[in-house]
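Peer 1: Chain order of the listed sequences is L and A. My numbering numbers the first residue of the first sequence as 19 and each following residue consecutively. My numbering numbers the first residue of the second sequence as 6 and each following residue consecutively.
Check the hints yourself; a few may be wrong.
[Claimed, not checked] In the EDC-like style, the derived pairs of lysine to aspartate or glutamate whose C-alpha atoms are separated by at most 16 Å in a straight line are:
#, chain 1, residue 1, chain 2, residue 2
1, L, 553, L, 538
2, L, 565, A, 155
3, L, 266, L, 323
4, L, 565, A, 258
5, A, 358, A, 258
No lab work stands behind these hints: they were computed from the structure.
This is what each chain is made of:
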Amino acid sequence: MGSIQILSEQMANRIAAGEVVERPASVVKELVENSLDAGASRVEVTLEAGGRRLIRVVDDGCGMDAEDAALSVQRFATSKIAHPDDLARIETMGFRGEALPSIASVSQMRITTRPHDAVEGTMLTIEGGEITEARTTGCPPGTTIEVANLFFNTPARRKFLRTTATERGHCTDWIGWLALARPDVAMKVAHDGTVLLACPGRGDLRNTVAEIYGSNVARQMLPVEMDTGAVRITGLVSRPELTRSSRKHQVFIVNGRYVRSMALGHALAEAYGILLPSGKHPLCVLHVEAPPELVDPNVHPTKIEVRFSNQAEMHNLTQQAVEEALERAGIRPQRPTRPKMAPDAAGRWEGPDAATQMRARRLRVNPFADAVDDRDVGVEVHGEEPVVDAVFRDAGSRAEGLEFVTEDRLEALGQLAATYIVCRAGEDLLVVDQHRAAERVIADRLAGQRGQVRRQMLVLPITLELTDAERAVVEQYREQLDQLGFQIEPFGGADFIVRSVPASLTGGAVEDALRAIVEDLAESGTSEGPEASEKLLATVACHAAIKAGQALTDREVHELIEALNASPTPAVCPHGDPIIVTIPRGDLDRKFRR
Amino acid sequence: MLNVSCTQTELYEAVQTVSHGVSGRSTQPVQNNIYLESTADQLRLVATDLEFISLEAVINASVVDQGAVTVPARLLTDVVGSVGASEISLRANDNSMLTVEAGRSSFLIRGMSAADFEMLPPMEDALEFELTQRDLHSILSQIVFATSRDETRPILTGALFNISPGGLEVVATDTYRLALRRMTAEIPIDEPTSAIISERALNEILRILEPESEEPVRVSLTDSQVSCVVGNVTVGSRLIEGQFPNYEKVLPDSSDRRVTVDREGLTDSLRRMLIVAREDANRIVLRGSDGELTITADSQDVGHAEEQIPATLEGEEPEIAFNARYLLDALQAITQEQVVLELSQPLAPGTLKPLDSDDYLYVIMPMQIM
């Protein structure tokens, strides 16, 4: 007699619950998403004891008839998918058909529901997944689901729940995210009799942000609006002055679903570039609407991770959308390198257009960027004029924040402390970080040759002896290194042989640079997608570039500054750090009391 | 105490020559000075970075008193160069102050004690041999440019001198190209030996050699040092230690495409192509067919350049891309009128050499055609 048995449906549900239902917040999320899928215009959530004792979700959605209600607590019963092909076109939030049965299997549940056109409703009582009572009842149209005593039959899980405050916090986080996803739906949350959140559902995202994060935050958010036809990116992003030390308040909504996405988070950070102090993250609520075929939300049972089939393009579009938002507010975006890095639809690497270059050219970074006047932070917005404009108008004279310098070319005056190059541009004094400038120049050259690699073959191939971790890095990045011009082949055992190097690096310590690149990548771990390319490029540029502390001849100084002048993005190094510090003539005049 | 007089011309030339030995970056200030010493009937000037360069010049002088002092190189050069008189007298005192008198001008230069000045150790049991200035100039001018500027691979920043009883073989490579020059010479040794000499020292030697002079250069070599005496100047250097890469295996042993062209014609053409090619890593493409070599340069940012030059083609029709600068370096170092490019596959090394001569070989690695 075999000891393997098919699990009972009840056990299967309870196990599935382990995946879907971690804590009260997961229940809240699933139930509210169901409400939204049911077309609710109003959702009320009542919590008791952090949701452990009771979670009640009341909606005015379409409701269910008796038969559907009974089916809804069976596993893989879903009204949302009928055919496998539908999976590719998911537009509803829930679809796996496992949420409700899973929740039901670990709680005492009551479902009260009535379709709008029905005379009477249905009430189901479910205990640990088993329907113990089903009867008709009088009730308002819509659905009310009450989940009591979550995990009453799985004590192990119950033990893992945290304090009431923590669980409550997780619940309200989720409701907040869902409210930001659907500002057109009124949402209200009460906990132990206290109303925590009440979003009016008038469809105004800024109102919703004000309700969740406070009106001060809402005032400092800038509108994002981009529509390419296929993809629409809208929402709000914070002014650079408004930051948090975690990324928790970066809300990405993809096709109406709250998601976490490395790609989108990265795009956001890239758009701000050096506008942000290190370790600080902007706030955002970004709605991305893309054809469902491009989005795969079915990565994880809780659907929180999302993948795009065209990850790089989505990244670039998002970055561009945010950059434009910052631009409209008078805050210039810092990273026009991106267009250079991005392949177009045909997979070719294109340089930035002239307009992008011109925009970037104008940007110089002010030495006193950190010393932004407190008076400028949190200034009230009156009417439509963004505060930022006012900040920038004053920046020229007060030298605070970012500042636009004329498009004069930099003229090298000499090297300072073997680390900086002192330059003149117009009447201003500029100090250039020689390492970062060299990084910029090399990255430009390498990015410029993508798709049209200039490899210099070697008379004496370089032999690399690598550690296991380094080997893994070389294996993973081999193709991308090859695209840059490093032709690397296994050479037996732990060795690799390098047969060619990028032609643009032949003037420098290229072997040393390559070793450092491999070590660096092995140390910092690998990434995927456009981030990996970007990181690789920055790493190569960093190690191939002249270092701080390296004395340069006058000729080298001039060549570097000329190359920087030719760069479309002379202000920011590939890591996103500023290259140039400007000391405006006006500052000198003031210091000399002229 | 040093007390001499000499001609301004001789002194100025000597000061200018040796001041190249000052690194300017020494942590010991005295090493940024020129060492002056009066011997029985001469004035000796020395400057050294104690590593790659030691430059010493000896000039005739009427010596009143023997002694030594050191003075800042730049200051001495400027002073000696500025005076109009034909005779200069130098007089040091106990406080290392140097009085320079020329005609009615007088300078008092603050120097430093000669006792603190360090020099390369004297060479003992050195191998010595002679070459004419012309021969040594010919060798160095054909290989020095191929040394590497990458200081993270110190070996390649020098040239390898393989010395055998029958002559010299000198090799330099920066891994992108390799230059090899052979020369027969009588060298008084039984066993072959070798030395790696830094590019800095070689360039200093090259600078003072007269290309057409039959005067001898005396070369001294030990395990750790080299020196060359050219006229009244001695250039010394420490050798670069280590194993030079095995270059013999990279010398192509066969080629199925030979292109013979006029050296000046190719040189001029490459210079023109470089106007476009310099925007694209100096990349030019060579294609041979129908008695012509077509040279093209393309740059996404700039445009296109193309030129045909007459060529004698043997074997398959070649197509290969090179860094034009690397080609030009060698073409400018070759003196013969005709040169031969020996090629095979587009990614295999090419060889440039003078027609009908095996003395010089220049291996150049291609760039990818794409």
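Peer 1: Next, verify each hint and record whether it holds.
Peer 2: So, going through the hints one by one against the coordinates:
1. Distance restraint check for residue 553 of chain L and residue 538 of chain L: the Cα-Cα separation of roughly 11 Å lies within the 16 Å cut-off, and the hinted pair is therefore satisfied.
2. For the hint linking residue 565 of chain L to residue 155 of chain A, the alpha-carbon distance of about 14 Å falls within 16 Å, and the restraint holds.
3. Distance restraint check for residue 266 of chain L and residue 323 of chain L: the Cα-Cα separation of roughly 14 Å lies within the 16 Å cut-off, and the hinted pair is therefore satisfied.
4. Between residue 565 of chain L and residue 258 of chain A the CA atoms are separated by roughly 41 Å; this puts the pair beyond 16 Å, and the hint is violated.
5. For the given pair, residue 358 of chain A sits about 14 Å from residue 258 of chain A by alpha-carbon distance, which is consistent with the 16 Å threshold.
Checked against the numbered hints given earlier, this structure breaks only hint 4.
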